[in-house]
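Below are the chains, spelled out letter by letter.
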Amino acid sequence: MNAPMKPVHRTLPRYSATFDPHTISEIQRAAATGIYDIRGGGAKRKVPHFDDLLFLGASISRYPLEGYREKCGTDVVLGSRFAKKPIRLKIPVTIAGMSFGSLSGQAKEALGRGASLAGTSTTTGDGGMTEEERGHSSILVYQYLPSRYGMNPKDLRRADAIEIVIGQGAKPGGGGMLLGQKISPRVAKMRTLPEGIDQRSACRHPDWTGPDDLEIKIEELREITDWEKPIYVKIGASRPYYDTALAVKSGADVVVLDGMQGGTAATQEVFIENVGLPILAAIAPAVRALQDLGMHRKVQLIVSGGIRSGADVAKALALGADAVSIGSAALIALGDNDPALEAEYQKLGTTAGAYDDWHEGLDPAGITTQNPELAARLDPVLAGRRLANYLAVLTLEAQTIARACGKSHVHNLEPEDLVALTMEAAAMARVPLAGTSWIPGQTGL
Amino acid sequence: MPSFDLAAAPLRDLNQALHALPETTNETHWVIDNPGGKHAIACGLDAPITVEVNGHVGYYCGGMNARATIRVSGNAGVGVGENMMSGEIRISGDASQAAGATAHGGLLVIDGNASARCGISMKGVDIVVKGSIGPMSAFMAQAGNLVVLGDAGEALGDSIYEAKLFVRGSVASLGADCIEKPLGPEEIEALEGVLAKAGLEDVAASDFRFYGSARGLYHFHVDNADAY
Chain L
1 MNAPMKPVHR TLPRYSATFD PHTISEIQRA AATGIYDIRG GGAKRKVPHF DDLLFLGASI
61 SRYPLEGYRE KCGTDVVLGS RFAKKPIRLK IPVTIAGMSF GSLSGQAKEA LGRGASLAGT
121 STTTGDGGMT EEERGHSSIL VYQYLPSRYG MNPKDLRRAD AIEIVIGQGA KPGGGGMLLG
181 QKISPRVAKM RTLPEGIDQR SACRHPDWTG PDDLEIKIEE LREITDWEKP IYVKIGASRP
241 YYDTALAVKS GADVVVLDGM QGGTAATQEV FIENVGLPIL AAIAPAVRAL QDLGMHRKVQ
301 LIVSGGIRSG ADVAKALALG ADAVSIGSAA LIALGDNDPA LEAEYQKLGT TAGAYDDWHE
361 GLDPAGITTQ NPELAARLDP VLAGRRLANY LAVLTLEAQT IARACGKSHV HNLEPEDLVA
421 LTMEAAAMAR VPLAGTSWIP GQTGL
Chain B
446 MPSFDLAAAP LRDLNQALHA LPETTNETHW VIDNPGGKHA IACGLDAPIT VEVNGHVGYY
506 CGGMNARATI RVSGNAGVGV GENMMSGEIR ISGDASQAAG ATAHGGLLVI DGNASARCGI
566 SMKGVDIVVK GSIGPMSAFM AQAGNLVVLG DAGEALGDSI YEAKLFVRGS VASLGADCIE
626 KPLGPEEIEA LEGVLAKAGL EDVAASDFRF YGSARGLYHF HVDNADAY
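Protein chains in written order, with our numbering: chain L, 1 to 445; chain B, 446 to 673.
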């Protein structure tokens, strides 16, 4: 008869906070492949965000408006500083620049359809303008990028506004890399490059070297388009006070400020997670720059980077933005990371909700791909309707909050309507810590 | 022959008048006086006209030109012929940085020297520089021909794609992934074609050396990390 087994007292496996499972897998992957991880999307780490702010709904000292009964305006005019033909949008939510090449033609068409239904604009991306998006976007912003892939003066004139891209929130100071597997014959032709090779997008404009040159570049674009179209300048959030001031000094009609949660087609994970500022920290300095120059509301400010809900929209506007822009959220509305495709995501070694290897061109949803069979899965009419629905919800939510704060237009929201839940958020957003009148660092820039 | 005095009338009027020309215009030869180094002169043209500029021009002269012929009797500032699509630009003097930057087509001829980053990110244009060019020229050049009768500065053709570079004089150094290649019949034919367009039939193509991409950096590989 065997002796009874003695109980074994072992501690449960415990992962290191420093070397957590993800970190360990990254070290192992780096050692095996010799290349850093490249992925799409924006920062996944938790950073101070709009969730750390709350609105102060009206009670006695403020007087609310009646939901569903009293009107709350949402229209916005962009580019009123110099352009003969400013942009007029029904809602303060625009679609951010995303390239054909990164996205399928069907996805670009769907973005155009959805935005047009909602009364807002879409934006081209690296690689030029496609008929899919020009044909389906009632208002289209044409990006003028460092790579100048597909840059064409005819398309410049067909656009409704021009956005000079200096940087992106996901990678301020960085260029791009569209890996060869997404370079279809059409993408290669548009970019004047051989098929199938990795395509680098430059990190800086080749023909100017700083803010003084930017001013002259803006003048050139205005001259080419006869001063009709608004000129946006897009910057990645890193030094928002100075970059906004220099964009204004250079003659921008609109400044687009993109926080680190903003997505990208493909960039190094280490870059996405470690460079730039959360959008919450970037808005207040940008607004302060506009105010210091006497240009707040004269040069409009669009902010982007992790906008998800009408509350985010309302908070960005309350902090001083004129509009917001969405990229990742728009792709999710089209059908990105749809749980119905879970089996296919698992085949790719991931799961719905975490898929970010957009550069591989294998997107089961047919959105971030140039594979014709995968791209054909996306119905641009249905996906456009889904995007329009989502944009409507963002707007309704923002209106609901604005009414509760007693505002007859979403642009009447103001920092005084906000408090912060954490000291960090209070310091970054320059609003008081909840229950106090304390704004940390109020006297700084 | 319409003329325009930039000392007396604003640049905006000139460019808008040039943009407004109908396809069948008889006003096909314009003369611009007193350019005074102004920026963006005759940019965004899209008509088969000739524009003669008497004097020096500033940044982005002839920017995004399509179909027009622009002749400058003087020097040109940064980015002459920026993103040109077609047509022709000729500079009788020297050109500053980024001449022909990102240009997709057409012909840019510089009688004098061109400064740094000549032909940067060029995408199909033919550029002929009768003098010498500065450093980092043809950086990330994608397509087209850069022909230099003089010398080239450092890091010529750094990170080049499929553009063809022809230099008659010395090259201070080549950039990453740019190598000298044999000047074969195909290259000689291309070079002679560009020289002829520039009016240089008396220059022998065989005097040039040919540089292009080693295509070693077309796909990222960690063993090439030293090149990045």
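Please note that the accuracy of each hint is not assured.
[What the hints assert, rightly or not] Some residues of chain L that are not near chain B, with every Cβ distance over 12 Å (derived):
{"#": "1", "residue": "Arg81"}
{"#": "2", "residue": "Thr192"}
{"#": "3", "residue": "Ser201"}
{"#": "4", "residue": "His205"}
{"#": "5", "residue": "Asp213"}
{"#": "6", "residue": "Ile216"}
{"#": "7", "residue": "Met295"}
[As the list claims (entries may be wrong)] Where chain L lies over chain B, by a calculated footprint (3+ residues, C-beta under 8 Å):
{"#": "8", "stretch": "452-462"}
{"#": "9", "stretch": "501-515"}
{"#": "10", "stretch": "571-577"}
{"#": "11", "stretch": "593-600"}
{"#": "12", "stretch": "616-626"}
Hints are computed from structural coordinates only; laboratory data are not their basis. It should be emphasised that the depicted structure is a prediction, and the values quoted were computed from it without experimental measurement. Beta carbons: idealized from backbone N, C-alpha and C, even for Gly.
Checking against the hints above, which ones are violated? 2, 3, 4, 5, 6, 10, 11, 12
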